[in-house]
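Q: Make one complex out of these two single chains by using the hints.
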Amino acid sequence: MGRGTGRTLAEKVWEQHVVRRAEGEPDLLYIDLHLVHEVTSPQAFDGLRMAGRTVRRPDLTIATEDHNVPTVNILAPIADPVSRTQVETLRKNAAEFGVRLHPMGDAGQGIVHVIGPQLGLTQPGMTVVCGDSHTSTHGAFGAIAFGIGTSEVEHVLATQTLPLYRPKTMAIEVDGALPYGVTAKDLILAIIAKIGTGGGQGYIVEYRGEAIRALSMEGRMTVCNMSIEAGARAGLIAPDETTFEYLAGRPHAPKGADWDAAVEYWRSLRSDDDAVFDEVVRLDASTLSPFVTWGTNPGQGAPLASSVPAPEDFADPAQRSAAERALTYMDLRAGTPLRDVAIDTVFVGSCTNGRLEDLRAAAEILSGRKVVTRTLIVPGSMQVKAAAEAEGLDQVFKAAGAEWREAGCSMCLGMNPDQLAPGERSASTSNRNFEGRQGKGGRTHLVSPQVAAATAVTGRLTAPADL
Amino acid sequence: MEAFTIHTGRAVPLRRSNVDTDQIIPAVWLKQVSRTGFEKGLFSAWREDPDFVLNNPAYQGASILVAGSDFGTGSSREHAVWALQQYGFRVVIAPKFADIFRNNSTKMGLLPVILPAEVVERLQDEAEQDPTAEITVDLVDRVVRAGDLTVSFDIDDYTRWRLLEGLDDTGLTLRHADDIEVYENGRQPWLPTTV
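Going down the list, the sequences are from chains A and B. The letter at position 121 of the first sequence is residue 121 when you use the numbering used here, and the numbering goes up by one with no holes. The letter at position 145 of the second sequence is residue 145 when you use the numbering used here, and the numbering goes up by one with no holes.
For reference, chain B alone in the conformation it holds in the complex (with noise of 0.2 angstroms):
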């Protein structure tokens, strides 16, 4: 996983709620078996329309998605995090996200920032206004900074450390093979083998 530490970009606004993980990559992309070339499926039936924010050239290269409440609902598709990330956000912020995309992109090392409804759309706003202001995410302080604006936003010490690390979970829990063979011969012997 890539490490976050601290993250200055410029924002691009998407005014809606709900998007859910069907619009961020529809099912259509879901067939490739790899794990590249993403980007090309991210919003696609939404970047067919010229006015969506996206295809603003005012927005090219922006790597802070600042986006409405439940980000990311429905399926689990990890492809939806690989999509963005592979496009060039490295920053999501939204007022609520659902728990499969926020866990899959804590996973990944794209960084789900909550704050309040009334600061995205500030921040929101100020992108639209001024599509070349930046804004710095800064994990180590818990900090998001927009102009005179510096806002503290909540994450769980454990996943700090591992996005800060750039860790991946599997070599850490395999540090714990022995808890987990214990685990295992305590099993009930009843429950169900597949084979």
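The following block holds chain A by itself, in its conformation from the complex (with noise of 0.2 angstroms):
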């Protein structure tokens, strides 16, 4: 970490949470808030059982259902029994151990990534962990929250603490304003093709800069939680006026004097201006565009403006050999403008891109058009879902021709039956390209939920000023 006097906020946050330090040990730090879905769970509360062991702190972790929530009639039974099991072992799992959870049908009900901070439960220097690697999305609070393994999930529910090395620190610093139309997604998509997927490896990176600290708390969060694309196990962004601003009120913020005295601390949780980072990476927001990614790994991206690229512009072999795949896998030439990829599937949606700013950005797109190709919008929660609804934003889905449905990851990863057939195409919020992530045989193009519903209403990659 820093090697000036100063200390960086990941510094700050991490000392904070310091258990036990010996030497040529990993730290024990505590963990604030554990989050719990049905995916990883599992295996870990039968590893409780086998030992004869209990949740240390039920009262700082809680559950949800999303990854594999049909997002259609929700209220009725999972129709894949495999599915059913898994959700129905987690209701069992949180009974038996006491954790409070949000199953489907409830209010609170919606990504893990959504329903955090929606609760006011995310808050400015805690330590928050899931077994999801997009956990990081919770950084955008000033946390150190990151992905841990079904292993690490036991340990956590045992003990609410985790043996860990120090990450070293890297400042992305972000100048300049993005222009307009341009958008949180764009930033990071352009920011992981900058230092690639495995450039963030080893570190817990600090978003930094004008143009982070004038973004949302919901652009913060879709930041954030695509760190782990470019390899960082955790991205935090030190908390503002708009921190404190999104979490008043919140079910789970402080209150009262405690609000007070958390406000004052908070405003502490900075890196030092004398801070020492290990790795500083600089971009210039007002060069950037709408970006969207043609290859299957997330850092294989380029501004719409461009043309998929010819393996032969990467000097790196390993890197060349990628693309190579990647095109083969993808069916595209290199040099076709991107704006010519023809896109049969829509998706808005996920815990990077389904909160209500994202959903507001599709609906002005979409106000007055239609759609020409499959559109699903998808909600981060039942909470988003009613609150677009209060403001008519489901009406302008639906007159458009797109598809409003129920709370969960639905396509981002496809658990449900939200997925793509072989071969098709799709323009998707989401975080991940990979080959078959949202259906084996699909085809996936990263975009903002901007690009994405101009896209639907061309059937071609379009950002919103083409229209």
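Think of the hints as simulated: they come from the structure by calculation, not from any bench. Treat the hints with caution; some may be incorrect.
[What the hints assert, rightly or not] Not the full set, but computed from the structure, chain B residues with beta-carbon under 10 angstroms of chain A:
no., residue
1, Met1
2, Pro26
3, Leu30
[Unchecked claim] Here are the simulated BS3-like pairs of lysine-lysine, each with C-alpha atoms no more than 30 angstroms apart in a straight line:
no., chain 1, residue 1, chain 2, residue 2
4, A, Lys440, A, Lys194
5, A, Lys440, B, Lys40
6, A, Lys370, A, Lys440
7, A, Lys92, B, Lys31
8, B, Lys31, A, Lys440
9, B, Lys40, A, Lys92
[Stated by the list, open to error] Far from chain A, by Cβ distances over 12 angstroms, these chain B residues were calculated:
no., residue
10, Ile6
11, Pro50
12, Leu54
13, Ser63
14, Gly68
15, Val119
16, Pro131
17, Thr132
18, Glu134
19, Asp141
20, Gly147
21, Asp148
22, Leu164
Since the model is a prediction, treat every value here as computed from it, not as a measurement. C-beta: ideal position from N, C-alpha, C; glycine also.
A: If you want it as structure tokens, here you go:
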């Protein structure tokens, strides 16, 4: 971590959570909030049972159903018996171990990374973990938040701690202002293309600079969400007035004198001016434009206004062969303008872009227009759904011919029936364009909600300005 | 966790970089609630291609996967580690690993070995030329031996000790239950609870 006399934000939060430090051992770090979902927890609860252990702090643990959730007929039993068993297993485990659960049909249900912030459970300076790599989302509040595997889920359930080595720190400084129509999603896709899918390995990234400070909390969550796609386990942003304003009045946010004390502490959560980062990356936001991926990893992206690159464009042999493979899988030819790529399905949703602001952005473009692709609009939580309906966004989507769904992870990873058919091509606001991610043989282009909506209207990858 | 000391086995060359966990075990396999049976899902989409390296009979029974850079990127699914182990792998060698995958591996006793890209390529070449050639991965001395090649690798002392002993982290941490309690008593009162 930082070697100056000053300390980085990540270092401050880390030090605040060290339970035990011993020479030659990882730090034992306290975990303030443990989020649980149905996919990565069953074997962890089984492990507790086998060892005769209990959940140490059920009051710092919360569960929801999201990955397997069907987004139509959410109240009907899940048709897929394997998915149904997984969801029922979570319900049984939550009841047995005393963990609060937001099941399907509950007004509080939703994607695990949408409901934490929504409830005010994610706060500055906390440590947050979940058996899901997109836990980095919560770093938007100035928390150290990261994904863990099932063995670690079991460890946190049993001890409320994790043994961890301190990662190095990286500052990603984004100066200037994002041009009109360029979003947090475009920014993070550009960052990943710049540093690569392994660029953040071993680091906690702090996003800083004018363009970051200008983002809403929802935009900050989009940026931090995809830290993992740059290889960083965690990414965070120093809390400020935008953060406090978002948190004020949320169900689990501090109240009264506690609020004042908390805000006073939260204001100290910024990297000191003389803090030294192990690595610094700089970007100029004003040079960015809508960004899309053309390949099969999130680092294979380019401005929408450009063309599909050729493998020969890459000097590194591994990158060149990866590009070659990706173009074959994606059925794309080098030199094709990205605007000419025809799309079959548009997906707006996920923990990356399934919040109210994202739905508003899509609705603004779809208002008074018709979609020509299959278009799924999937709110990130039931509360986002209700808020969108209160504003009439559902009516806009339906009038445009899009499908308005219930809350869940949906087509981001296709564990529910929302999948691409083999060979089908999507423009998706989700976070991963891996081979088969959205359905076996499916092809994914990652985009912002704005580009997704404009693409639904034309059937080709399209920026809103092109409409 | 299964202890790991010294392992000798044959190698499979997987000449791909950025092998993500969705390829190692596609999401459809994650619906199981048990810890077993994941070997069938290992690289299940790629295995449909008859030319995929794991379909080559010469590599049946190999236990060391030699892969390209950034192995295990993406999802935190530990199922990726279970699938590799249950298929029969004890070691993955690559120039770089994604953090969560590497962490999950060391919790389960699958040894991730980081070697320079040129060494990894040489091991891949050798495994292609002679699929019967054996590699020894020695965690005690932190070296990999293959033919006349002996190359050392880095792993921190603590993780090495845990792997050599086959120790489970939770049991180790619970020895410090008093420290956890002391810490908990000093937490800020405004921190949220989920109840």
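Q: Does each hint fit the structure? Answer for all of them.
A: Each hint tested on the structure:
The interface hint given for B/Met1 is met, as the beta carbon of that residue sits about 8 angstroms from the closest beta carbon of chain A, less than 10 angstroms. Look at B/Pro26: its Cβ gets to within about 6 angstroms of chain A, closer than 10 angstroms, so that hint holds up. Hint on B/Leu30 holds. Least Cβ distance to chain A is approximately 5 angstroms, under the 10 angstroms limit. Using a Cα cut-off of 30 angstroms, the hinted pair A/Lys440 and A/Lys194 holds, with the two alpha carbons roughly 28 angstroms apart.
For the given pair, A/Lys440 sits about 16 angstroms from B/Lys40 by alpha-carbon distance, which is consistent with the 30 angstroms threshold. For the suggested pair A/Lys370 and A/Lys440, the alpha carbons sit about 28 angstroms apart, so the restraint of at most 30 angstroms is met. The hinted pair formed by A/Lys92 and B/Lys31 meets the criterion: a straight-line CA distance of about 16 angstroms does not exceed 30 angstroms. In summary, the hint linking B/Lys31 to A/Lys440 is supported, as the alpha carbons are separated by about 16 angstroms, within the 30 angstroms threshold.
Pair hint B/Lys40 plus A/Lys92 holds up; C-alpha atoms about 27 angstroms apart against a cutoff of 30 angstroms. At the 12 angstroms boundary, the C-beta of B/Ile6 stays outside the reach of chain A, the nearest C-beta of that chain being 23 angstroms off. With a least CB separation of 17 angstroms from chain A, B/Pro50 remains clear of the 12 angstroms interface cut-off, as annotated. Under the 12 angstroms C-beta cut-off, the non-interface status given to B/Leu54 relative to chain A holds; the minimum distance is some 16 angstroms.
At roughly 21 angstroms from the closest C-beta of chain A, the C-beta of B/Ser63 stays outside 12 angstroms, upholding its exclusion from the interface. A beta-carbon of chain A comes within 12 angstroms of the beta-carbon of B/Gly68; the shortest separation is about 6 angstroms. With a minimum CB-CB distance of about 15 angstroms to chain A, B/Val119 clears the 12 angstroms threshold, and the non-interface call stands. Against the 12 angstroms criterion, B/Pro131 stays outside the reach of chain A, whose nearest CB is about 22 angstroms from its own CB.
Every Cβ of chain A is farther than 12 angstroms from the Cβ of B/Thr132; the closest lies at roughly 27 angstroms, confirming the non-interface assignment. In this structure B/Glu134 is separated from chain A by more than 12 angstroms, as the shortest Cβ-Cβ distance comes to about 26 angstroms. Against chain A, the non-interface label of B/Asp141 holds: every CB pair exceeds 12 angstroms, the least being about 19 angstroms. Under the 12 angstroms C-beta cut-off, the non-interface status given to B/Gly147 relative to chain A holds; the minimum distance is some 24 angstroms.
With a least beta-carbon separation of about 26 angstroms from chain A, B/Asp148 lies farther than 12 angstroms from that chain, consistent with its non-interface assignment. No Cβ of chain A approaches the Cβ of B/Leu164 within 12 angstroms, the least distance being about 15 angstroms, so the stated non-interface status holds.
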